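Peer 1: We have chain A already, so just place chain L on it with the hints.
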Amino acid sequence: MKILDQNQEVKNIILKTRVLKYVIFISFVVLFSRLFYLQIIKGEHYSRRSRVNFTLTERIPPPRGDIVSSDGKLIATTLPSYKISVIPLFFSRPETLSEQVDRFASVLDISSSEKTRLHKSLSECRGSCRYRAMLAKDEISREKIVRLSSYLTNFPGVIISSSYKRYYPYKDKAAHITGYISKISPSEIEDFSQYDPENFIGRTGIERSYQKYLHGDYGEMSHIIDHIGRKIEMPEATMGEFPEHTKAKKGATVVSTIKTYLQETAAAAFGDYSGSAVVIEVNTGKVLALYSNPSFDPNLLSKNRIPARIWNEYSQSILRPLTNKAIQQTYFPGSTYKAVSALAGLHYGAVTPERTFFCAGCLLLGNETKCCWNRGGHHYVNLKKAIKESCDIYFYHMVNDLDIEKLTHFSRLFQLGRVTGIDLPGEVGGIIPDREWFRVNHPGTRLTKGVVMNISIGQGDLRTTPLQLASLYASLANNGVVYRPRIVEKIITNEGETIKIPSEVIRVLDIEQKHLSAINRALYSVANEPGGTAFFHADRTIPLSAGKTGTSQIISLASRKRIDPADDERLNMTRDDALYTAFFPYENPEIAVAVVVENGEHGGSVAAPIAYKLMRSYHLRKSVER
Amino acid sequence: MIQKLKFDYSIIIPVVAILLLGLLSLNSALIHRPSLFNYQLIWASLGFITFLSVSFSDIRMWERIAIPLYIANIILLILVLIIGKRIGGAQRWLDLGFMNFQVSEMTKVSIILFIAHRLNMKPTLEDGYNLFDIFPEAAATFLAMGLIYKEPDLGSSLLIGGVALIMIMSSKINRKWLLGIVVILIISGPLIWNFVFKEYQKKRVVALVTMIVSDGSDLSQTSLYHTNQSMIAVGSGQRTGKGYKKGTQNILRFIPEHHTDFIFSVYAEEFGFAGVSILLLLYLFLIVRILNIIPRVKEKFSALVLVGASAILWIHIMINIGMVTGILPVVGIPLPLFSYGGSSMVLISVILGLVHNISVNNRYI
Chain A
144 MKILDQNQEV KNIILKTRVL KYVIFISFVV LFSRLFYLQI IKGEHYSRRS
194 RVNFTLTERI PPPRGDIVSS DGKLIATTLP SYKISVIPLF FSRPETLSEQ
244 VDRFASVLDI SSSEKTRLHK SLSECRGSCR YRAMLAKDEI SREKIVRLSS
294 YLTNFPGVII SSSYKRYYPY KDKAAHITGY ISKISPSEIE DFSQYDPENF
344 IGRTGIERSY QKYLHGDYGE MSHIIDHIGR KIEMPEATMG EFPEHTKAKK
394 GATVVSTIKT YLQETAAAAF GDYSGSAVVI EVNTGKVLAL YSNPSFDPNL
444 LSKNRIPARI WNEYSQSILR PLTNKAIQQT YFPGSTYKAV SALAGLHYGA
494 VTPERTFFCA GCLLLGNETK CCWNRGGHHY VNLKKAIKES CDIYFYHMVN
544 DLDIEKLTHF SRLFQLGRVT GIDLPGEVGG IIPDREWFRV NHPGTRLTKG
594 VVMNISIGQG DLRTTPLQLA SLYASLANNG VVYRPRIVEK IITNEGETIK
644 IPSEVIRVLD IEQKHLSAIN RALYSVANEP GGTAFFHADR TIPLSAGKTG
694 TSQIISLASR KRIDPADDER LNMTRDDALY TAFFPYENPE IAVAVVVENG
744 EHGGSVAAPI AYKLMRSYHL RKSVER
Chain L
3 MIQKLKFDYS IIIPVVAILL LGLLSLNSAL IHRPSLFNYQ LIWASLGFIT
53 FLSVSFSDIR MWERIAIPLY IANIILLILV LIIGKRIGGA QRWLDLGFMN
103 FQVSEMTKVS IILFIAHRLN MKPTLEDGYN LFDIFPEAAA TFLAMGLIYK
153 EPDLGSSLLI GGVALIMIMS SKINRKWLLG IVVILIISGP LIWNFVFKEY
203 QKKRVVALVT MIVSDGSDLS QTSLYHTNQS MIAVGSGQRT GKGYKKGTQN
253 ILRFIPEHHT DFIFSVYAEE FGFAGVSILL LLYLFLIVRI LNIIPRVKEK
303 FSALVLVGAS AILWIHIMIN IGMVTGILPV VGIPLPLFSY GGSSMVLISV
353 ILGLVHNISV NNRYI
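Chains as they are written, first to last, in the working numbering: chain A, 144 to 769; chain L, 3 to 367.
Chain A extracted, bound-state conformation (with noise of 0.2 angstroms):
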């Protein structure tokens, strides 16, 4: 066999670099290629995607819009505040964080508890986490952070931001009217997705309902991050492009329907007496006070971790201040209802104004004996003198000759025992028992007539709101017009665009102008009239008003009797709720009032002197803006 020679040698190794040569340059057009593409035909999809990495938009989140009572004065506002956030980085040494975490926490003065969950989020703080600002101290005032500032400069890592704090002026006395604000909790984050986890949300009154309104547009700052997510300064990576950083719009102004200074006089009224009072105009449905007592302080609610010990005084009172009494809690209508009941006699021929019952102090039905709050008897009624001197006898006979369906069905005409559909959360309805409703709830029993007559003097199973029992004044004064009451009357956006709510008339009733004005004057008797149950607690230096005393058993006379008399608390429950409602001046009528005093005892004697307060003060205020 051939051996070839060094010359033939190089040249096969030549011939065979030649091929190599070729798959070189096919593998490089195969890299050219590959980069083209990259580059050029994907470039602008790889160049979103790098500013995507290095982009991180931060929301800026906006001051909550005020609240305004319609006499002007703020009764929810936001005011500045700082936060102290440290850079859990500079906490991250174990070994020195307990010590770090004590020194910091005795300059910036927070509680032990504070202290500890501070420690504990700390040392649980991994990855990207401790590049992110976690929240130490917020609500500081501007004096207490220039005091702090200096100490701070010793402590590295630590952020001063200025933030928000939620501030209602008028403390307990607009409570229920605002309602007050807290943190998103985790369990919620998912229904209120378009705001930031850390954000507080209305959480009753109009800070809940009008909570679009009032949270305002969130501004955006947009930062440069690096790969495990710090902020960098590089100006040039924006390439000029970067999205302008665009600031937080306050929210929206609410301009709530109620005048302070009635709140302030229901509030003073009230004193220790649980209960509600509201003022509705009666032309146009605009609550113009609605005060529950005892009542909240919103300022110590609305913040980022509410303290246990206010918390639990507030949740476990059992004068439930949080309860706004006025929508929320349902009471016997007691007395306040016969106007309904006579306006449903006269309205399907029951009564006249001039038939007349014989009062004899009881009335035997059957076995049972059912008896006038006066025993004495009222001798011949009418229907003026059954509504004037509240004459239970004259209703039990009334019912005679009127059925329980007419009588419900005229109640609910008046919106009673249904929901207002007034403009804040957690309205309740309460009941109107009919055929149907003892049928749903008390299956067995039969409706005999003594069920009837105790619906028609507002007891029975008969539960209404106190806003119920005002409007109802109001519709009795406006000729029988129900209008949805409500508690904001306009909205003014950051852009200074004004909407305005509209009243909104529920229903027209169709009632005879004669029978209202026959139930009205009765009413205008009850307070201006020797006689009268309000007579003696009526005052009378103002225009003279219409109204209706009440004074509501919680329960029969019977069962409180087997109470034990040592037992104070359960005798002073159950005493009889007073109740009062009106509306002023009698002629031309303005507003409606009603007032329900819990364990009252005397509609007249309790509940009036508080109506009449507000319709002093309304009046009063009035005659001076004219």
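These aren't lab readings, by the way, just hints derived from the structure by calculation. Incorrect hints may appear among the rest.
What the hints assert, rightly or not - BS3-like mimics (lysine-lysine), calculated; alpha carbons at most 27 angstroms apart, straight line:
id, chain 1, residue 1, chain 2, residue 2
1, A, Lys355, A, Lys374
2, A, Lys164, L, Lys178
3, L, Lys124, A, Lys164
4, A, Lys446, A, Lys216
5, A, Lys392, A, Lys216
6, L, Lys124, A, Lys159
7, A, Lys549, A, Lys513
8, A, Lys374, L, Lys247
9, L, Lys300, A, Lys154
10, L, Lys124, A, Lys185
11, A, Lys185, L, Lys178
12, A, Lys326, A, Lys308
Said to hold, decoys possible - Each pair of labels, with its calculated beta carbon distance range:
id, chain 1, residue 1, chain 2, residue 2, range
13, L, Glu128, A, Ile169, 48 to 54 angstroms
14, A, His370, L, Ile14, 34 to 40 angstroms
15, A, Val172, L, Asp129, 30 to 36 angstroms
16, A, Lys374, L, Phe50, 39 to 45 angstroms
17, L, Lys247, A, Gln151, 39 to 45 angstroms
18, A, Lys164, L, Asp129, 38 to 44 angstroms
19, L, Tyr227, A, Gly564, 55 to 61 angstroms
20, L, Tyr227, A, Arg448, 56 to 62 angstroms
21, A, Val172, L, Asn196, 28 to 34 angstroms
22, L, Gly245, A, Thr389, 52 to 58 angstroms
23, L, Ile14, A, Phe179, 27 to 33 angstroms
Note that the coordinates shown come from a computational prediction; the quantities given were computed from them, not determined experimentally. Glycine included, C-beta positions come from ideal geometry on N, C-alpha and C.
Peer 2: Relative to the frame of chain A, chain L by itself:
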């Protein structure tokens, strides 16, 4: 005999140009760690001295030490497995005090010299070598590959195999046996997949193929984080790049290993398609230039060294840029003259020194 110093500028100019572009990119990539850049300047100087020393040494000396160098290399590779330094899960380095020496880089030189020398010693038959003739060379290659694979460093191991294969194929192989080698390569493919590749390596390959097929839309593959960030860097460079030291993927450290294996993506991001075109043309020119010296040489050893030198540059470039641009799985292969690292710089200097030596000494013969 005192040699007159002669230079082949057709090699020196592209090499210096690539080296300068590399230093430029490293200066940007090491913006947060300037001390490492100073080290690279030291490596570059060391490389320059090495290049000159090798350039003006006697090429016969290299042939004489080929076998001892190979044996020493094997001993060092065994030493690495015993007392080597572990960095990031792999035991590839010997601690020399002033630097960590990556022995597999040395193997890249010694295998070229070894195979060139062995084949030079073997007279070529007219119809080529059969498999038994080249068995010792193949065995020596597999031994080195195996030791490097154990470190583990699959990339370098396959790279060395590739260089040896190209060198052996460049000499004359019997046609029948050539077919045999091709068949063996095809059969060994699945075997290597099953027995050599580790689970994570298989995953990388599968993920890569999935990504290429789905056109990069599947970002959820965490095993492709490196590839994705690198592709974003390269792609976002677009036509002319984001500007020197303005590459966001680089400066904000989204590119992993951005001063070593992924340095190309830093360059591509900041200088764009224009920049990478210049660099690729320089590399292509250099590789082809090395092969074009062969017709001037009159003996087999030098010719095979030149084949080995261009092959090793070529394979490095293909694997590295292929990996950075997302068409090859991530393996730790540096970009010659570009990536940070002393061992790689010295190796490339030795190889280029040999090339320059051969070119200069065969010019006027």
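Peer 1: Could you check the hint for me, namely that Tyr227/L and Arg448/A are 56 to 62 angstroms apart, CB to CB?
Peer 2: At 39 angstroms between Cβs, range violated.
Peer 1: Does Lys374/A lie within 27 angstroms of Lys355/A when you go C-alpha to C-alpha?
Peer 2: Violated, at roughly 32 angstroms.
Peer 1: Hinted pair, alpha-carbon criterion (27 angstroms max): Lys549/A, Lys513/A. Please report holds or violated.
Peer 2: Status holds; Cα separation ~22 angstroms.
Peer 1: Does the beta carbon distance between Val172/A and Asp129/L stay inside 30 to 36 angstroms, or does it fall outside?
Peer 2: 34 angstroms, holds
Peer 1: Check whether the Cα positions of Lys124/L and Lys164/A lie no farther apart than 27 angstroms.
Peer 2: 25 angstroms, holds
Peer 1: Verify the CB-CB distance for Lys164/A and Asp129/L against the hinted window 38 to 44 angstroms.
Peer 2: Given a distance of about 24 angstroms, which is not inside 38 to 44 angstroms, the answer is violated.
Peer 1: Does the structure keep Lys446/A and Lys216/A at a Cα separation of 27 angstroms or less?
Peer 2: Judged against 27 angstroms, a Cα distance of about 23 angstroms means the pair holds.
Peer 1: I want to verify a distance hint. Is the separation of the beta carbons of Val172/A and Asn196/L within 28 to 34 angstroms?
Peer 2: 32 angstroms, holds
Peer 1: Using the beta carbons of Lys247/L and Gln151/A, state whether their distance is inside 39 to 45 angstroms or not.
Peer 2: 55 angstroms, violated
Peer 1: Take a quick look at whether Lys392/A and Lys216/A sit within 27 angstroms of each other, Cα to Cα.
Peer 2: 22 angstroms, holds
Peer 1: Quick one, are Lys124/L and Lys159/A close enough, alpha carbons at most 27 angstroms?
Peer 2: With Cα atoms ~18 angstroms apart, Lys124/L and Lys159/A stay inside 27 angstroms; holds.
Peer 1: Check the hint pairing Lys185/A with Lys178/L against an upper bound of 27 angstroms on the C-alpha distance.
Peer 2: 46 angstroms, violated
In this structure, the earlier hints numbered 1, 10, 11, 13, 17, 18, 20, 22 are contradicted, and the remaining ones agree with it.
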